[in-house]
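S.K.: What follows is each chain in one-letter form.
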Amino acid sequence: MTARPEAVNGAPAIELRGISKAFGPVQANKNIDLIVPRGTIHGIIGENGAGKSTLMSILYGFYRPDAGEILIGGGPITIHDSQTAIRAGIGMVFQHFKLVQNFTVLENVILGAEDGRLLRPSLARARGELKRLASEYELQVDPDAMIEDLSVGHQQRVEILKALYRQADILILDEPTGVLTPAEADHLFRILRGLRDEGKTIILITHKLREIMEITDNVSVMRRGEMVASVKTSETSPSQLAELMVGRKVLLRVEKAPATPGAPVLEVRGLRMVDAAGVERLRGIDLDIRAGEVLGIAGVAGNGQSQLLEILGGYPEKGARLEGEIRLKGAALPLTGSDARARREAGVGHVPEDRQVEGLIMDFSAWENVAFGYHDAPEFQNGWLMNQAAIRADASAKIERFDVRPPNPELAAKNFSGGNQQKIVVAREVERNPDLLLIGQPTRGVDIGAIEFIHKRIIALRDAGKAVLLVSVELDEILALSDRIAVMFDGRIMGERLPDQATTADLGCLMAGVEPGTPPEQAIPPAMGPAGVA
Amino acid sequence: MERMPKWADVILTPLISLVLAFAISALVILAIGESPTEALKVMVEGALGSSYGWGFTLYYATNFIFTGLAVTVAYHAGLFNIGGEGQAAMGGLGVALVLLAVPWPHWALALPAAMVGAAVFGALWALIPAWLQAKRGSHIVITTIMFNFIAAALLNYVLVNLLRPVGSMDPASARFPEAAHLPKLTDMALAFGMQWGKNTPANVTFFVAVIACLLVWLLIWRSRLGYEIRAFGKSERGAVYAGISPVRITVIAMLISGALAGLMAINNVMGEAERLVLNAVEGAGFIGIAVALMGRNHPFGVLLAALLFGFLYQGGGELALWTSVPRELIVVIQALVILFTGALDNMVRMPLERIFMALRKGRA
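In order, the protein sequence lines correspond to chains B and Y.
Just so we're aligned, residue 1 is where the first sequence starts under the UniProt record's numbering, counting upward by one.
Just so we're aligned, residue 1 is where the second sequence starts under the UniProt record's numbering, counting upward by one.
Derived by calculation from the structure, the hints in this document are not laboratory data.
Treat the hints with caution; some may be incorrect.
Stated by the list, open to error - Distance condition first, Cα-Cα at most 20 Å in a straight line; then the derived SDA-like pairs of lysine to any residue:
#1 B:K318 with Y:W131
#2 B:K318 with Y:R248
#3 Y:K234 with Y:I252
#4 B:K318 with Y:M4
#5 Y:K198 with Y:E45
#6 B:K249 with B:D476
#7 Y:K234 with B:A412
#8 Y:K234 with B:T78
#9 B:K318 with Y:S245
#10 B:K414 with Y:M4
#11 B:K30 with B:T78
#12 B:K318 with Y:P246
#13 Y:K234 with B:E515
#14 Y:K135 with B:R321
Treat the numbers as computed from the prediction; the structure is a model and nothing was measured.
Please build the complete structure, drawing on both the sequences and the hints.
M.R.: The structure is reproduced here in structure tokens:
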């Protein structure tokens with residue numbers, strides 16, 4: 001049993017000395033030094049695969065480092081497992097919450113930290129503790145609500161409460177704002193500041209430079225397994241951080257000329273969709289996209305964007321009922337049945353939101369994935385069999401043009417980084433030159449260098465006179481790429497804005513389902529957020 | 001990055017598993033007071049030591065190739081077809097009906113017709129579970145295993161009440177016409193002037209089975225249908241995104257799987273028994289699962305694994321015949337092989353991967 005190390009006065013909350021960790025030939029962490037002073041918010045940024053998650057997993061006891069030393073509060077400690085980490089006062093809030101959906105908040109909080117065999121005393125103690133924490137840190141959650149009924153923002157609060165209930169002094173948050181509205185993110189930041197002012201230490205892992213600048217006191221940048229810089233946030237700038245992350249100068253905004261929209265490509269009228277469970281997911285969507293323009297759809301995940309993309313991509317959810325009208329280049333599209341193949345033949349390309357589940361077969365090689373969805377194209381056939389030589393040649397060409405790394409078409413998709421996986425999907429869909437490109441979360445989990453590249457290709461497609469429907473939960477991305485912005489909330493289009501006239505606050509209101517003018521705080525329903533239903 | 005070289009993955013791992021299984025079998029044989037070396041000698045000599053032994057080993061292996069391929073095709077579609085037993089039994093019915101309906105003048109004509117009968121009956125027996133899975137979401141493991149029982153009961157009824165010749169007390173069909181008897185491998189060897197495997201059941205179906213391996217390989221890794229089957233098997237949502245219909249692939253993959261299981265009847269019903277008897281499949285449908293597992297769901301792996309299980313079957317029979325090792329122990333040995341190569345695969349694989357990683361790191 002490792003006791004909580006004695007705090008040495010003035011010692012940093014966390015100190016890492018020379019931490020190294022290799023997975024086979026991959027050196028995930030190389031000789032990492034990190035000092036996080038007590039009572040500060042410390043940001044850690046880096047591209048995907050830079051080693052942030054590995055480092056945090058070492059700190060939380062999921063991995064043992066090959067070399068190096070961990071000091072908590074000045075005392076050296078060996079973290080064998082997450083139990084040791086918790087006892088040492090480390091709490092972790094994962095990107096994907098670890099909550100039992102059909103338990104109440106209270107039950108989730110005490111899960112694994114029960115006082116004895118009987119639940120009642122633990123529940124009572126937790127109830128009191130939760131009340132105290134709620135008033136102290138703005139962490140209000142109804143202790144008796146079921147997790148499945150809570151919005152994502154509230155679920156996250158439960159995760160934080162869980163950590164605090166276990167007496168965490170050090171809180172690690174992994175990409176905490178990915179699923180939040182701007183207002184919810186603001187609230188989270190207020191909570192974090194409150195915790196810091198109480199003397200807690202917070203580590204924030206994120207790839208959003210804006211958040212780093214807004215909330216952290218210090219920031220450390222990781223690149224390719226190494227800690228390349230640790231600086232005071234007040235003494236750095238977003239462009240400097242981006243440069244440190246990528247190792248070269250990066251354009252944070254895509255250069256683009258004004259759009260020159262042509263004939264309408266996609267017209268959607270009164271589109272309604274009721275899923276198999278009887279829940280109305282789309283409540284009358286009207287959309288127009290013309291040739292040569294990008295329509296961005298902003299909104300918190302789970303407000304019907306996925307359903308819209310699936311319907312337009314030709315494969316509505318099984319058992320769903322659809323109403324309304326969809327016209328592609330003037331021709332009405334069928335609303336019944338599932339036939340993504342016919343939709344591709346009609347000229348619709350689709351980069352799906354989840355490339356690992358839909359866009360790629362992770363166990364297939366890159367070249368097999370380049371044919372995915374187009375595997376019945378005539379040029380890929382050779383009599384009764386597939387023309388593997390033709391597919392391989394096509395894949396090699398696309399891999400070269402899109403700078404997929406490593407440029408090895410035989411490698412399985414799962415062995416590429418997130419950004420390179422996405423490049424494979426984008427290459428496959430964009431190079432077919434579709435009249436309409438549906439693209440969902442184009443840069444989720446994609447590193448900055450690849451983001452820049454993918455954004456340029458989207459704009460290039462637009463400039464070639466094609467229509468693009470962009471769905472993203474990243475407001476920055478929507479603002480950077482769109483010629484028009486529509487905001488979705490609860491299966492409706494709340495409003496349309498032009499990017500140069502839209503403000504984050506204004507869009508944030510729409511995303512929360514309120515017409516601008518109402519203060520955003522009141523906009524969030526206390527428990528039943530839209531995403532909580534999903 | 002692959003964790004270890006391909007040869008270690010496909011050859012070394014099963015080999016080590018096999019050695020472990022044999023080692024524990026040896027302990028069991030020791031425990032009942034017999035000599036493991038003696039037992040191994042009897043098995044090897046009985047199964048591989050003579051052309052007579054080979055004649056049986058190849059016959060059993062032929063059965064296992066078909067049922068192993070059946071499991072393999074379904075596996076690639078993410079479906080676990082454990083109904084090979086029933087599908088092979090129904091394939092036998094198809095063979096019997098085709099061969100009894102027409103006075104076949106020559107086996108070369110009868111064989112393709114009987115193959116169609118076997119494949120169609122086997123496929124149709126897999127169709128209902130497939131349909132239930134695709135349309136109603138009934139789990140295919142449950143339905144296929146239930147269909148094994150239904151097939152057994154149905155065959156019982158058909159043999160006793162419909163196919164049994166008048167006056168016969170035996171629940172079996174009439175003998176197939178003389179001209180429809182398949183050439184045994186021993187006859188084929190004789191044609192080349194060789195004495196090989198006299199009085200053994202191995203027959204021309206073995207070559208059909210080898211060709212089936214090749215065709216299944218082409219199907220899975222070279223054809224568009226195989227591409228769609230594999231994609232669906234890896235990710236149903238991905239398949240839907242790519243315009244591949246889950247219903248279509250589930251049904252087609254199971255039809256092919258059932259047809260392959262049914263084709264086994266060419267070997268045991270047409271080639272060996274030359275009439276349809278009760279329980280003709282003798283568990284080969286279930287052995288097919290082990291064969292596919294051990295063959296890592298690759299047709300050539302299936303071929304090798306089927307030969308191994310053919311050896312275990314024949315060698316086990318010899319062991320029971322010539323030593324006082326009880327026949328049940330053979331089942332124990334087979335079960336150990338299945339346990340180690342199938343269920344405990346990772347027990348060998350993971351330490352092996354670690355060794356290879358360490359080696360690579362040492363070199364780097």
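S.K.: Each hint: holds or not?
M.R.: Each hint, compared with the structure:
Taking the CA atoms of K318 of chain B and W131 of chain Y, the gap is about 16 Å. The hint holds against a cut of 20 Å. With a CA separation close to 15 Å, the supplied pair K318 of chain B and R248 of chain Y stays within the 20 Å bound. Restraint check: the Cα-Cα separation between K234 of chain Y and I252 of chain Y comes to about 16 Å, which is no more than 20 Å; the hinted pair holds. Between K318 of chain B and M4 of chain Y the alpha-carbon distance is near 40 Å, which puts this suggested pair outside the 20 Å criterion.
Distance check on the hinted pair: K198 of chain Y and E45 of chain Y sit about 16 Å apart at the alpha-carbon level, within 20 Å; holds. Distance restraint check for K249 of chain B and D476 of chain B: the Cα-Cα separation of roughly 19 Å lies within the 20 Å cut-off, and the hinted pair is therefore satisfied. Proximity of K234 of chain Y to A412 of chain B is assessed by CA-CA distance (about 13 Å); at most 20 Å being required, the pair is judged to hold. The straight-line distance between the Cα atoms of K234 of chain Y and T78 of chain B is roughly 40 Å, outside the 20 Å bound, and the hint therefore fails.
The hinted pair formed by K318 of chain B and S245 of chain Y meets the criterion: a straight-line CA distance of about 11 Å does not exceed 20 Å. Annotation: proposed proximity of K414 of chain B to M4 of chain Y holds, straight-line Cα distance about 16 Å (limit 20 Å). Straight-line distance between C-alpha atoms of K30 of chain B and T78 of chain B comes to about 19 Å, which keeps the hinted pair within the 20 Å bound. For the suggested pair K318 of chain B and P246 of chain Y, the alpha carbons sit about 11 Å apart, so the restraint of at most 20 Å is met.
Taken as a hint, the K234 of chain Y and E515 of chain B pair is broken in the structure, with Cα atoms around 44 Å apart against an allowance of 20 Å. Proposed proximity of K135 of chain Y and R321 of chain B is supported: the alpha carbons are some 17 Å apart, at most 20 Å.
Comparing the model with each numbered hint stated earlier shows that hints 4, 8 and 13 do not hold.
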